[in-house]
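Student: These protein sequences, in sequence, are chains F and Z.
Each step along the first sequence adds one to the number in my numbering, with nothing skipped, and position 182 is 182.
Each step along the second sequence adds one to the number in my numbering, with nothing skipped, and position 35 is 35.
Treat each hint with caution, since some may be false.
[To be verified] With a straight-line cut-off of 27 Å between C-alpha atoms, the simulated DSSO-like cross-links for lysine-lysine are:
1) Z/Lys174 with Z/Lys233
2) Z/Lys126 with F/Lys15
3) Z/Lys30 with Z/Lys190
4) Z/Lys78 with Z/Lys205
5) F/Lys4 with Z/Lys159
6) Z/Lys78 with Z/Lys30
7) Z/Lys205 with Z/Lys108
8) F/Lys349 with F/Lys4
9) Z/Lys205 with Z/Lys159
10) F/Lys4 with Z/Lys108
11) Z/Lys30 with Z/Lys54
12) Z/Lys126 with F/Lys4
13) Z/Lys198 with Z/Lys174
14) Z/Lys30 with Z/Lys205
15) Z/Lys159 with F/Lys349
16) Z/Lys126 with Z/Lys108
17) Z/Lys108 with F/Lys15
18) Z/Lys174 with Z/Lys108
[As the list claims (entries may be wrong)] A partial selection of chain F residues facing chain Z, derived with a Cβ cut-off under 7 Å:
19) Tyr7
20) Val11
21) Met193
22) Thr196
23) Val198
24) Arg200
25) Met203
26) Ser204
27) Ala211
28) Val217
If you are wondering where the hints come from, they were derived from the structure by calculation, not from laboratory data.
Think of the CB as a built atom: it goes at the ideal place given N, C-alpha and C, for glycine as much as any other residue.
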Amino acid sequence: MDMKRDYYEDVELFKSGTILVWTVVLLIFLFTLAIYLPSYNIYLLNIIMVNVILAVGLNILVGYTGQISLGHAGFFAIGAYGTSLIMIHLHFPFIAALIIAALIAAIFGFIIGLPALRLEGPYLAIATLGFGLTIMHIIGRWDIFGGRMGITAPPLDLGISGSSMSWVIQGDVKIYYLILIITVLMVIGARNMMKTRVGRAFMSIRDDDIAAEVMGVNLTIYKTMSFAVSAFYAGVAGGLYGFVVGFFDPFTFNLILSILFLVMITVGGLGSIMGAIMGAILITYLQYDLLKNVENLPYVGGLLMTVSKKWFTVIGLANFSSIALGLIMIAIVIFEPLGMFGIWIRIKKYWKTWPF
Amino acid sequence: MAHFCVENLSISFGGIKAVNNVSFEVEQNKIFSIIGPNGSGKTTIFNMISGIYKPNEGGVFLENENLVGLRPDTIARKGVARTFQNIQLFGNATVMDNLMLGRHIHMKTGIMSGAFMLGRRSPAAKEEIRHREVIEHIIDFLDLQALRDLFVSNLPYGKRKLVELGRALALEPKVLLLDEPSAGMNTEEKDDLRIWIKDIQEDYKVTILLIEHDMNMVMGISDRILAINQGVKIIEGTPQEIQRNSEVIAAYLGEED
Numbered sequence: 001m002d003m004k005r006d007y008y009e010d011v012e013l014f015k016s017g018t019i020l021v022w023t024v025v026l027l028i029f030l031f032t033l034a035i036y037l038p039s040y041n042i043y044l045l046n047i048i049m050v051n052v053i054l055a056v057g058l059n060i061l062v063g064y065t066g067q068i069s070l071g072h073a074g075f076f077a078i079g080a081y082g083t084s085l086i087m088i089h090l091h092f093p094f095i096a097a098l099i100i101a102a103l104i105a106a107i108f109g110f111i112i113g114l115p116a117l118r119l120e121g122p123y124l125a126i127a128t129l130g131f132g133l134t135i136m137h138i139i140g141r142w143d144i145f146g147g148r149m150g151i152t153a154p155p156l157d158l159g160i161s162g163s164s165m166s167w168v169i170q171g172d173v174k175i176y177y178l179i180l181i182i183t184v185l186m187v188i189g190a191r192n193m194m195k196t197r198v199g200r201a202f203m204s205i206r207d208d209d210i211a212a213e214v215m216g217v218n219l220t221i222y223k224t225m226s227f228a229v230s231a232f233y234a235g236v237a238g239g240l241y242g243f244v245v246g247f248f249d250p251f252t253f254n255l256i257l258s259i260l261f262l263v264m265i266t267v268g269g270l271g272s273i274m275g276a277i278m279g280a281i282l283i284t285y286l287q288y289d290l291l292k293n294v295e296n297l298p299y300v301g302g303l304l305m306t307v308s309k310k311w312f313t314v315i316g317l318a319n320f321s322s323i324a325l326g327l328i329m330i331a332i333v334i335f336e337p338l339g340m341f342g343i344w345i346r347i348k349k350y351w352k353t354w355p356f
Numbered sequence: 001m002a003h004f005c006v007e008n009l010s011i012s013f014g015g016i017k018a019v020n021n022v023s024f025e026v027e028q029n030k031i032f033s034i035i036g037p038n039g040s041g042k043t044t045i046f047n048m049i050s051g052i053y054k055p056n057e058g059g060v061f062l063e064n065e066n067l068v069g070l071r072p073d074t075i076a077r078k079g080v081a082r083t084f085q086n087i088q089l090f091g092n093a094t095v096m097d098n099l100m101l102g103r104h105i106h107m108k109t110g111i112m113s114g115a116f117m118l119g120r121r122s123p124a125a126k127e128e129i130r131h132r133e134v135i136e137h138i139i140d141f142l143d144l145q146a147l148r149d150l151f152v153s154n155l156p157y158g159k160r161k162l163v164e165l166g167r168a169l170a171l172e173p174k175v176l177l178l179d180e181p182s183a184g185m186n187t188e189e190k191d192d193l194r195i196w197i198k199d200i201q202e203d204y205k206v207t208i209l210l211i212e213h214d215m216n217m218v219m220g221i222s223d224r225i226l227a228i229n230q231g232v233k234i235i236e237g238t239p240q241e242i243q244r245n246s247e248v249i250a251a252y253l254g255e256e257d
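Based on the provided sequences and hints, a complete structural model is requested.
Tutor: The following block contains the structure:
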């Protein structure tokens with residue numbers, strides 16, 4: 001029944017026993033997934049979860065607060081480089097390094113949030129775009145960051161490296177469990193944040209900043225806070241990403257990546273945690289796996305391959321994935337403005353009243 | 001000095017003196033109406049009080065504290081809440097969330113305590129529950145029970161006006177500014193609103209400043225009325241005094257030949 005008896009039920013994480021049961025089932029499924037999936041798929045899942053963290057964070061900024069950022073690859077890079085460098089040079093345990101790096105990203109987020117107090121829409125997009133590109137080039141020209149050659153992530157040590165407390169995690173499967181736990185925590189944190197005072201303040205700024213201010217929301221604090229929180233999420237995602245791929249260079253964190261992040265939340269659904277998760281899963285999957293699978297499709301695959309080789313590039317379907325991504329995005333924006341979240345809502349409504 | 005007063009308030013936009021040297025005083029827990037033709041500067045006065053515009057001259061005093069120069073959110077914290085002439089709600093949020101935003105200044109939950117709202121005993125959850133109970137009184141008071149979980153953008157105009165009133169009330173203001181609350185309402189809704197404004201005055205002990213074009217309402221509920229025209233004060237007085245004043249009649253109905 002949908003009868004509420006108590007105000008806590010308004011903000012409760014699991015609104016009913018059924019949801020709780022299904023969440024537990026899903027979590028058990030996710031935790032056992034590593035047993036029966038081949039290693040490449042685990043690697044892909046790791047990338048997906050990293051992108052889920054980032055998309056959820058970006059959605060706090062774009063979907064909930066109504067600001068825009070084309071510089072999230074910059075925060076992502078700060079997280080990746082920060083975590084690895086803190087571990088290499090200061091020998092901090094992984095979690096500490098991750099949090100410190102994410103906080104550094106958050107500080108940068110705060111600084112980028114300052115121009116957001118005066119800029120809106122396209123102007124803010126340009127400002128953040130500048131930040132993203134600058135970070136990429138600074139990292140590329142500075143030896144301590146490994147320059148253009150990039151750096152290799154150190155062993156993922158949960159304890160203190162070089163001592164008896166050392167606890168090194170190796171292999172995609174173990175990293176998978178670590179990332180899964182962190183992802184679940186980050187998503188729950190974001191969801192709770194959005195259900196309480198801070199989330200409402202963000203949302204009020206998105207919908208009507210004058211009314212928000214008149215109701216006592218300090219725009220300076222909350223706009224910069226939104227940037228900082230979002231950058232923190234990007235930093236955590238970046239820190240994890242470094243260990244998933246093992247090696248990265250400055251050009252991993254290019255403009256296209258920032259745009260892909262925006263595509264994830266737009267396709268998934270702005271202003272919804274669930275949407276961000278679904279968008280991140282879909283876009284990452286398409287980006288990493290579409291190529292391979294399309295090639296193997298009967299008839300169509302071969303045809304596309306010929307077309308692609310003739311008109312686009314000799315390597316095969318490399319450019320095709322960008323075109324497909326673009327088409328999917330256009331289709332979703334036209335036919336389902338709420339994104340995948342809108343589809344989800346409709347399915348939910350359908351089953352609620354099924355079979356009528 | 002009175003509970004709330006405005007002294008020599010002036011503002012000009014370019015060459016136009018939108019409000020020119022307007023002063024008035026409002027006693028605590030009274031209803032004070034501002035009337036005047038369209039474009040006479042009524043809403044501009046409200047915008048200066050709530051900090052959206054900075055007056056060129058003059059002061060706004062709440063309990064002897066000057067509000068001029070403070071940011072709108074600070075003024076809200078000092079106890080000034082308002083509604084807008086053309087409803088400014090948070091459209092993509094539910095009625096409950098809109099009302100809860102009115103509690104913003106009374107709540108403390110930050111990023112961390114919010115993110116760690118795990119279980120009903122966590123501080124954030126306790127605070128949510130406590131303030132949702134406060135909101136429940138407002139929902140009861142304004143008869144919004146059925147709309148609680150609906151998105152504001154789907155509500156009819158009259159209901160949105162009520163939600164906005166509720167949001168301002170949730171702030172527990174000392175001074176409540178109502179900018180044309182009855183605009184767009186039908187006769188029945190207007191009658192209800194009249195009773196509600198009277199009830200707000202009695203139950204919430206707030207000082208109410210009202211901009212309104214519906215003369216029945218203004219004359220019926222106001223303790224004092226200020227009439228302005230083209231940014232200049234014409235007269236201030238009780239409803240009876242206003243009704244008899246020839247300048248007000250001229251501004252509203254035109255000169256007698």
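Student: Would you list, in rising numerical order, the hints stated earlier that this structure does not obey?
Tutor: none
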